[in-house]
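All chains should be modelled from the sequences, with the hints used to inform the complete structure.
Quick mapping for you: the protein sequence lines, in order, are chains P and Z. Each number in the numbering used here corresponds to the 1-based position in the first sequence with 161 added. Each number in the numbering used here corresponds to the 1-based position in the second sequence with 32 added.
Short, incomplete list of chain P residues facing chain Z, as computed with Cβ under 7 angstroms:
(1) Gln176
(2) Val179
(3) Gly180
(4) Ala187
(5) Leu191
(6) Gly194
(7) Met195
(8) Leu198
(9) Thr288
(10) Met291
(11) Thr295
Bear in mind the hints are in silico, worked out from the structure with no lab data behind them. Ideal Cβ placement from N, Cα and C applies to all residues, glycine included.
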Amino acid sequence: MHALPAAPVPAPRRQLFVGTSLACAAGATLYGGMLALFLRFRHATLAVPQSEWKPAGVTVPEVATNTMLISFLAALVFAQWAVYAARRGIRSHTGMALGLVALVGVAVVNSQAFVYGQMHLAVAGGTYQMMFYTLTGTFLALMIIGLVFTAVTAFRFLGGRTEDREIVAAHAMYWYFLGAVYTALWFVVYVTK
Amino acid sequence: MTTIDPHAAGAGVAAGAGERTGGLAATVADWVTTTDHKKIGRLFIIDSLVVLLAMAAIGAVLGFERIDASANTIDANALPQIFSMYRVVLTFGVVAPLGLGLAIAIVPLQLGARALAFPRLAASGFWAWLLGSGLVIGSIIANGGPGGGNPDMVDLFLVGHVVLLAGLVAAAGAVTTSVLTTRAPGMNMRRVPMFAWSALVGSLGLVLMLPVVVGTLVLVTVDHKYGRTTFGGNTGVGEWLGFAFTQPATFVYAVPVFGLVADTIATATRRRLAMRGVALIGIGLVGSAFLAGVAQVDAGLRRDVLDASFSDALGDFVPFAVLNLLPLVGALAVFAVVMQAVAARPRIISPFVFSFLGAAMVLVGIAANALYHVGDAQLADTVFEEGAWIAVCYGAVLAALGGVTYWGPKLWGRSIADKKVLPFALLGFFATVLATFPYFVAGFADQPGGATTFDYGGPQDLWNTLSTVGHALMVLTVIGFVALALRSFATGAHAGDDPWDGQTLEWATSSPAPANNFAEIHVIKSGAPLLDLKPAVGSASMPAQPARGDS
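Right, dumping it as structure tokens:
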């Protein structure tokens with residue numbers, strides 16, 4: 162029996178980036194399914210004459226929710242800036258960009274807490290309330306994962322592993338995913354209501 | 033010995049000895065913290081086989097209850113929960129993890145990779161799955177399943193379900209990433225072994241479909257936890273989650289079966305698989321069933337569809353075809369390729385017999401599902417659907433037993449004797465047929481699904497007795513197979529490195545495969561890299577050149 166020809170060690174195939182992309186795809190179907198159920202119950206409720214979906218008297222603080230959307234735009238720019246700087250080996254810029262992503266992320270979490278405080282909803286108060294908290298709570302969980310991802314990326318890069326640019330690109334991918342999730346949440350829950 | 037590593041006598045035995053030198057605690061610690069994909073895969077396989085034993089026994093008990101509901105073998109209040117446990121655990125506790133376990137153990141070897149991508153993710157996926165399975169089973173026993181009377185236990189059931197599914201998604205993500213990123217040089221996607229391709233398709237389907245189930249579960253959990261009834265309280269659980277363990281979503285869990293049968297027939301014939309591209313596309317089409325899980329749409333044809341307007345009929349037919357017929361077309365395409373190879377009179381090797389019979393039953397389940405969704409057949413809410421589900425699940429299990437037989441040498445270093453294991457393939461097939469087909473007949477006679485009390489014309493006791501016997505035979509099959517496997521893998525004959533005369537890369541390393549699989553990475557030039565090195569068998573064999581569309 163002959164031996165197969167040996168090959169040189171293959172170039173890495175962006176394992177972390179592919180894995181993060183899969184995680185984002187899984188997150189997209191998770192959140193898409195939840196939003197679909199929100200819309201389904203909303204449609205069924207409003208189909209009944211004189212019924213209400215969002216409780217009367219509850220106002221969505223739109224300034225805060227719109228600001229969160231704009232904040233995400235900024236976070237995405239910063240995440241991409243980190244990728245740009247990492248590719249060129251500019252460590253200080255990479256660190257600054259990742260720090261800004263984290264800052265915006267914390268601000269978004271803070272804004273969501275502010276929205277909770279303004280809306281004064283009880284989870285057990287009705288279907289809308291239950292779904293509102295579940296959807297926004299899941300979003301917050303995804304945000305916290307994003308912040309941990311940012312921290313890990315920053316510590317690895319600033320710790321001297323500057324050749325590990327893939328994690329910075331994967332990090333940016335995850336934040337694009339978070340931006341898409343919030344945009345859908347914003348439109349369905351805060352705009353369409 | 034084909035190529036690469038020092039012989040197993042050094043590698044495999046040394047590895048086994050190393051495990052034992054530290055004593056029991058060290059061995060346990062080694063298995064708990066392992067990141068070796070072969071061990072993680074074995075953990076999945078062994079644990080799902082144990083769960084399978086329990087579920088086949090429950091299937092027999094449920095069948096017995098259907099024969100004589102007055103016997104009150106099971107408390108009437110517990111029946112819905114037992115039905116739910118049977119469904120949930122056989123699907124998520126046996127079929128899905130069994131396929132994933134084989135994929136985790138074997139796919140990196142087939143790809144010529146030294147490790148699984150994200151091995152810690154896969155390991156944590158296994159432990160999450162095991163914990164979640166325990167929580168689900170425990171909560172149902174404590175009156176917490178769908179319709180259960182203990183609200184805390186119902187919450188635990190839901191949370192356990194989330195943990196279980198999260199574990200499966202994690203393991204599936206590791207398999208998917210492995211196929212996409214760790215292939216040997218030269219192994220483009222058209223050269224990927226059939227089983228690895230089917231593992232990619234099935235795992236990707238799981239990664240995309242199961243999060244939808246998780247999202248629904250989170251909503252149902254919060255709803256139930258806060259005492260609301262938006263999702264039907266404790267009785268609505270099955271209604272909102274049922275799509276994940278009914279057809280066509282269940283086809284996604286059975287996709288690896290088709291890769292396995294394609295790989296084993298090629299090995300049995302010692303020839304390249306003709307129409308390899310057709311098989312690849314066919315497996316992909318079976319995987320399209322994930323769309324049903326993502327969309328949560330039960331797409332059937334209405335009754336008297338031919339009398340409906342063209343637009344209404346078309347509106348019915350398109351989703352029906354996409355969700356129910358595409359997987360059927362895919363399965364038939366794979367079978368066409370396999371049957372063409374069968375015509376060349378292959379060797380009768382037990383892995384092929386297991387996987388062929390298993391895949392045939394999965395095909396029966398897929399075809400039955402298409403029929404079930406035709407309104408004029410009037411099968412809705414009958415036990416016919418359960419027959420299709422059992423065909424898919426037991427068919428997948430049967431094929432997976434073939435997988436354990438086939439790749440046992442790579443995982444344990446020893447073989448199961450072909451002649452000893454073959455009867456279990458036939459017994460398992462007979463059991464699956466018996467458990468399935470009577471329900472098809474009973475479905476046409478309008479026996480309701482998920483019920484034990486009914487009265488319809490015809491020999492209803494006969495159908496339910498036959499099905500019960502089928503479940504009981506499946507218990508015997510699994511017990512017999514596991515006993516034989518345990519004995520063979522512990523004390524059986526040492527397997528050679530290439531005991532089946534295989535074509536794919538896993539047979540190029542020693543048996544059992546060493547910790548890092550391969551000492552060297554190799555360049556691949558076709559979909560059957562080892563066949564490129566072996567002399568052609570007989571004058572009718574295809575030449576050792578890359579097949580058309582293979583390069």
